[in-house]
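Protein chains in written order, with my numbering: chain A, 34 to 688; chain B, 34 to 688.
None of these hints come from the bench; they were simulated from the model. Treat the hints loosely; a few may be bogus.
Copies of the same chain look alike in the list, so a pair counts if it fits in one copy or across any two.
Unchecked claim - Restricting the straight-line Cα-Cα distance to at most 25 Å, the calculated cross-link-like pairs of lysine to any residue (SDA-like) are:
1. K281 - E361
2. K662 - G271
3. K438 - V650
4. K406 - A466
5. K275 - G102
6. K383 - Y481
7. K591 - P660
8. K610 - W84
9. K591 - G669
Here's the letter readout for the chains.
2 protein chains.
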Amino acid sequence: MKSTLHTTLLSRACYLLGSLALISLMSCSGTDESSHTSTLESNNKKPNFLWLISEDNSKHFLKLYDQAGASMPMVEELAEQGLIFDNAFSNAPVCSTARSTLATGAYGPRIGTQNHRTAEPIELPNGFTPFSESLKNAGYYTTNNFKSDYNFEGLDRVWHQSKSGAYWRDRTPNQPFFHVQSWKLTHEHTLHFPESDIQNNPTRHAPSKVDLSPIYPDTEAFRYTQARYLDHHQNIDGEMNKVLDMLKEDGELENTFIFYFGDHGGVLPASKGYIFERGINVPLIVRVPKNFRHLLSKDMQQPNNTRVDGFVSFIDFAPTLLKLAGLESAEYHDGEAFLGKNIDLKSLNKRDVTYSHADRFDEKSDLVRAVRKDNLKYIRNYQPFYSDGLFAEYRYRQYVYAEWKSLFQQGKLNQVQSAFFKPKSPEALYDIANDPQETTNLAALPKYQAQLVELRSMLQDEIKSWPDLGFYPESELLAQHTPKGVTAVGFGQANKTHIAGLIDIADLQLVPYQQAKAKLRQLLKSADQWQRYWALITLSSFGKQAEEFNQHIIQLAKSDSSIHVKARAIEFLGLNKVIDPVKPLSELIANTNNQFEQLQLLNIATNLHEQVNAVFVRPAVNTWPAPDKSSASYRGDRFFDVWFNVRWDYISDKI
Amino acid sequence: MKSTLHTTLLSRACYLLGSLALISLMSCSGTDESSHTSTLESNNKKPNFLWLISEDNSKHFLKLYDQAGASMPMVEELAEQGLIFDNAFSNAPVCSTARSTLATGAYGPRIGTQNHRTAEPIELPNGFTPFSESLKNAGYYTTNNFKSDYNFEGLDRVWHQSKSGAYWRDRTPNQPFFHVQSWKLTHEHTLHFPESDIQNNPTRHAPSKVDLSPIYPDTEAFRYTQARYLDHHQNIDGEMNKVLDMLKEDGELENTFIFYFGDHGGVLPASKGYIFERGINVPLIVRVPKNFRHLLSKDMQQPNNTRVDGFVSFIDFAPTLLKLAGLESAEYHDGEAFLGKNIDLKSLNKRDVTYSHADRFDEKSDLVRAVRKDNLKYIRNYQPFYSDGLFAEYRYRQYVYAEWKSLFQQGKLNQVQSAFFKPKSPEALYDIANDPQETTNLAALPKYQAQLVELRSMLQDEIKSWPDLGFYPESELLAQHTPKGVTAVGFGQANKTHIAGLIDIADLQLVPYQQAKAKLRQLLKSADQWQRYWALITLSSFGKQAEEFNQHIIQLAKSDSSIHVKARAIEFLGLNKVIDPVKPLSELIANTNNQFEQLQLLNIATNLHEQVNAVFVRPAVNTWPAPDKSSASYRGDRFFDVWFNVRWDYISDKI
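Extracted from the complex, chain A is given alone in its bound form (with noise of 0.2 Å):
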């Protein structure tokens, strides 16, 4: 059965080849992979890709960049026929979004995979195809091994295997292919260590040695944690080097683009979760094969600790692997190829802008964008009223988040150590040349106007083209994207013009209030429960500059027609003390069943008791469904009923 299967696929690579009248030399017979293939036939040959992926992991950890990184051995000796990408960016700083991305070649709010996790896959439209589908479909042998958190529908036409165990040794003879593998050792979870393991559980790096970001305390568990993580990339290096024996031994090193990177930033406090450079900055090596060098432009055929300064990220990566294949890039695309014969290293420099985005990331919701352009970083926080260190159960159990918080609360911490616990400015402007860990705001400096202006209008601009997702809350993307025939993507752009309007008015947080409230005020009036729902998050981002619109909002929080509406104007009311939030709003969540509006509801809550004490009461009964072993909907609900869970014992002061 197995060789009938081998060649039905390989006749049907053959065919689909073919009939892209790209090789019509091609021969289906086995050919010589020795270095010394002619150019004849490599031109003919696709290349295989491998993708190594330490998890949760930014650039900074590694001595490759980092003089206090950690050494590891096979990502340099990767390196040593490679590029090393200095400005690789995930543009997303959490596992299932950045992955969503990676295999789609487009921005999560673009095309609705943005939040992590989607419990309801999004469905992408027709012929948008995740790139490791084309590459099947044009006859490489596809495999996962094995991580497969994405956010879209349609995953199991992707690979040819996704399991623990897959690799590219069941392929036909010769089939080129495409291996994927992840790693763990670095991934968040590793840092989930007891208090004790600082005294019983030694590094192998110095924690005395560490480079502490400024952000942090220097405590003894800061650093016993970055050591640790440290450590972590010795031995997930350890690991990946397996697979580049196995690769070696099946011959196939030299017929490899192996690509080398970490799936997003990560993974002290602060990092993982948010687009701070720590984020979404991660390593990225390409080693180029011998055999396909003449794939690349000539100034990359030999690389060698080649340092690459131009920005690229999980946008261009569909486009560049399509690329070396010899495939077209789809319209849908985001990105560019940032390898090809036609890319040289010297315009591959220029590139200088990335997009990244944050919203809901387990249980905690958030609106952030930014662009980095060069030097000069924008970030724009829609919903400044909530601080960074919204209390979210996976982060806080790693030893040193409770402790920082700890410290926050304690009062001892500095400015620049404090920040990450309070409300935030709804725009700011870093220069990461001189502050790589983003703790100076630059936005209100007289100097930096025109380039602030710049970045925020690009960003704009940006946003607005794809169009946004975010600007709607989840539960309602899901619910209209949801019929048959109407994808995230088309719902977006069936409302381009609508989500260019509610980013506008998200934008007046950025002039004076006085401009602003005549506009707010006709907005509260709008029929256009978004319109409405906007504007009270601006009015929120006022505080009590605001407190004119008082009556008007508590007439909102009573009788308001939408549940979103209702809830941002509590959470004004609330966040300004003008009544007790409490009630309000547990008859809220308490009055809706639908999962996504009550998670929302609850992230408002949580704020609300972070900021102004407001302590909630857990209902006796949940108002959430238990998760069923037999649903089809388990997955996402057991999320969610962990989400719940702890969202209520945290509002009600039981954690």
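Please arrange chain B on chain A, whose structure you already have, making use of the hints.
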């Protein structure tokens, strides 16, 4: 105390009138009120106004308008020194709605008073003063005896007295007055007699001689009912005459403009509640007092059964009285004065346009607008899949209503008689001169296309200019206008463009399905629930033609975030027999505690009950609050209670 009050009022009147610089010569002492009052004196005096209102009758029951009508000696006496308006219209065919326009001079759907009744009275904007309050502020003594069924707030400011037994006699000597009195002897309830009356309670008018509309089956009961209603006209005339006698006794006859009119049409079936001519074309006689003839144009100063052909409607009454009182119309008045020095009969008779509207009346909801221009009448049914005969408890108490429906159900009616119980056309065009009972829809005839397009366009422009608040569900309108500082008017103005967009969506009903469907497909994906809502209503108007949308709409019914959209989706699916609507619609009803939402859902259920025999199961426990006598909302809650009870009984086949 009383005299002190009178003195105060008198002083105030003098101050106010003086401040208007209209009466510098006026003495505050008594003046001779005989018919010999000098021109100078009467120039400085204000006329009185007396409104005599018979409830629920169109002009067609008066001999003054129709050969077969009833003699009404008092009305005929007024006409002898008066103007007989052949084309006077209530803009709405039901009490509180019509009355609200009389009081404010504004179209109901513009100011939010279009629904009957509004348990939550609509707040008028600041400075939006009912004209009787303006008269009061200008020194008039204002009394109402005693119907106070209006849909807006602030009635306590309008009248010196508003109760049974209120008259002008408590005013300061010689204070001008405005007195309103309504009589119920022609009110709908007077036709709620038992079937046995037909035999046992003979009428003065001969049933055999009544001129029955061709829309009714020619039954004994219908003839009896119409004869009895003619009797009621005689009765009411005698009652009204008593007030006229009081006026004569007080020597105020020739100081008083007397308006006799019906508050809207009625009241055999298919009149009150509908904007057919029989629902809105009311009798109107204005008797001109000798002492104030000079306030009119020369050609109307000595009227004697003088016919006025020009169109006037309730929006014009406020400006007319203000003008006669020497006061300015307000900017917010939608109409214009029809009596005054500069308004000659010839120009008045050129007025040939009137607009009307029908929305929720009691528990029955629909959305119908009309324009009549000269003899052509254009009716726009925005929910054509609702029959006019949709069940409404109060209406069907009339024996012939029930008989008519029963004959329809037995298949015993001709086409003209059946139309009332069938779904409607989105638009209808009638030639009123030749077809006063609106039996023959000319909209499809090629020769009327130019006129159809002209009237359609007039109506579109008019309702967009208001803008028409009826395009939002009532629950939404109330929820959005409630907040302090946002009146219904303000809400409309803030959403004028939005409403115009909804009207355009509804008007896709008027183009062929194949032309409309691409746009509708897009609209179903809109982030704006009201766009989806109207797209669904429009799709329902296309019936099974739109079946390609079934799957999409099933998803909306399941998972849309808007209860309104869900309901309209279920409606589409139910009407087209794609699904059994009972369970999903019942769930929606059970899951909202908003009375107005429940009411609208029950209206949808009622239509499904009638159109596709959907039988619902009345809940064991009511889902609406029991009326509580101690509650401020008791009056409204009592209405709701009846409406809910009867709707549930009806749709669950209990009645």
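- Task: Return the numbers of the hints above that this structure violates; sort them in rising order.
- Result: Result: hints 1, 2 and 8 break, sorted rising.
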